[in-house]
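With the sequences and hints as input, model every part of the structure.
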Amino acid sequence: MENYIDYYLELISPKTIIESFKSDLEFQSWCECRSKEYLKDLLEDFELHEEYLACAVIFKVLKTIQK
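For the sequence shown, the numbering used here gives the first residue as 20, with consecutive numbering after it.
If you're looking for bench data, these hints aren't it; they were derived computationally from the structure.
Keep in mind it's a predicted model, so treat the numbers as computed, not measured.
Worth double-checking, as some hints may not be accurate.
Said to hold, decoys possible - Mimicking DSBU-like on lysine-lysine, the simulated pairs with C-alpha atoms at most 30 Å apart in a straight line are:
id, residue 1, residue 2
1, K79, K59
2, K59, K82
3, K55, K82
4, K79, K34
5, K79, K41
6, K59, K41
7, K79, K55
8, K34, K82
9, K41, K55
10, K59, K34
11, K82, K41
12, K55, K34
The structure is reproduced here in structure tokens:
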């Protein structure tokens, strides 16, 4: 069972998520389809994993939602 948990955690890690996109623009488009609450949680997780370039993209999308 532990192997499944490890695999799941690797699958949802910020690094894996970022690597699944071809460009920052594609990642931004994906973020634009998410809710504000989801993006806030995502931003917090990416900050913990020091994925700061992705954080900038997420923050940019959050700013457009809050207007």
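Status of each hint after checking the structure:
| no. | hint | verdict |
| --- | --- | --- |
| 1 | K79 to K59 | 12 Å, holds |
| 2 | K59 to K82 | 11 Å, holds |
| 3 | K55 to K82 | 10 Å, holds |
| 4 | K79 to K34 | 19 Å, holds |
| 5 | K79 to K41 | 19 Å, holds |
| 6 | K59 to K41 | 23 Å, holds |
| 7 | K79 to K55 | 12 Å, holds |
| 8 | K34 to K82 | 23 Å, holds |
| 9 | K41 to K55 | 23 Å, holds |
| 10 | K59 to K34 | 17 Å, holds |
| 11 | K82 to K41 | 23 Å, holds |
| 12 | K55 to K34 | 21 Å, holds |
Of the numbered hints stated above, none is contradicted by the structure.
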